[in-house]
Amino acid sequence: MGSRLRRLSESFLAEINRAYQNEGIDFDASWFPVFYLLSKNGSLSIKELSEQMEVSHPAASQLISNLKSKNLVTSATCPDDGRRQLVQLTESGRELLTNILPVWDAILLAMDELLDSEPECVELLPSISALENAFKSVNLADRISNKLAHELKPAST
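Sequence positions in the sequence shown follow this note's numbering and run -9 to 147.
If a hint is listed, it holds; no wrong ones were tucked in.
Derived pair list, reagent style DSBU-like, types lysine-lysine, alpha-carbon separation capped at 30 Å:
| hint | residue 1 | residue 2 |
| --- | --- | --- |
| 1 | Lys37 | Lys126 |
| 2 | Lys60 | Lys37 |
| 3 | Lys30 | Lys60 |
| 4 | Lys126 | Lys30 |
| 5 | Lys137 | Lys126 |
| 6 | Lys126 | Lys143 |
| 7 | Lys30 | Lys58 |
| 8 | Lys58 | Lys37 |
Distance ranges between label pairs, derived from CB positions:
| hint | residue 1 | residue 2 | range |
| --- | --- | --- | --- |
| 9 | Met101 | Thr67 | 32 to 42 Å |
| 10 | Glu0 | Ser117 | 12 to 22 Å |
| 11 | Lys60 | Glu38 | 15 to 25 Å |
| 12 | Glu141 | Leu91 | 50 to 60 Å |
Quick caveat, the hints were computed from the structure, so don't treat them as lab data.
Using N, Cα and C, we set each Cβ at its ideal position, and we do this for glycine too.
Using the sequences plus the hints, can you model the full thing?
Right, here's the structure in full:
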């Protein structure tokens, strides 16, 4: 299942990246969560970004560092709490956001069209959500270990 979901994700992201390229926009689909969240919130801390993107703090920090190196985001000390760094789009980031917003709208329209033409696909997102919720409430690694220890242990000789 993991391999198939990874392949599906990679294929989907490659198509989205190709759409940006076709429009002459230098944007990577992996940046989408940061751009989306900052477009809605103005500025967020790396901790807030990592929580809302549901990725580790180091993963969010690495993505922010990458976007900083491209001059698309910047960070500044939070006026209320000097320990927090607030991330926000730079002028270049805001210009890029203006260019990608129509692409986001086109992606939504194209995906709606795809779902209309393939009714079975409509079940995918609710199923993925159900799996995500199950993984949050169940420790899968412990279940696997339990199956190995109690149900699949080798017969005594």
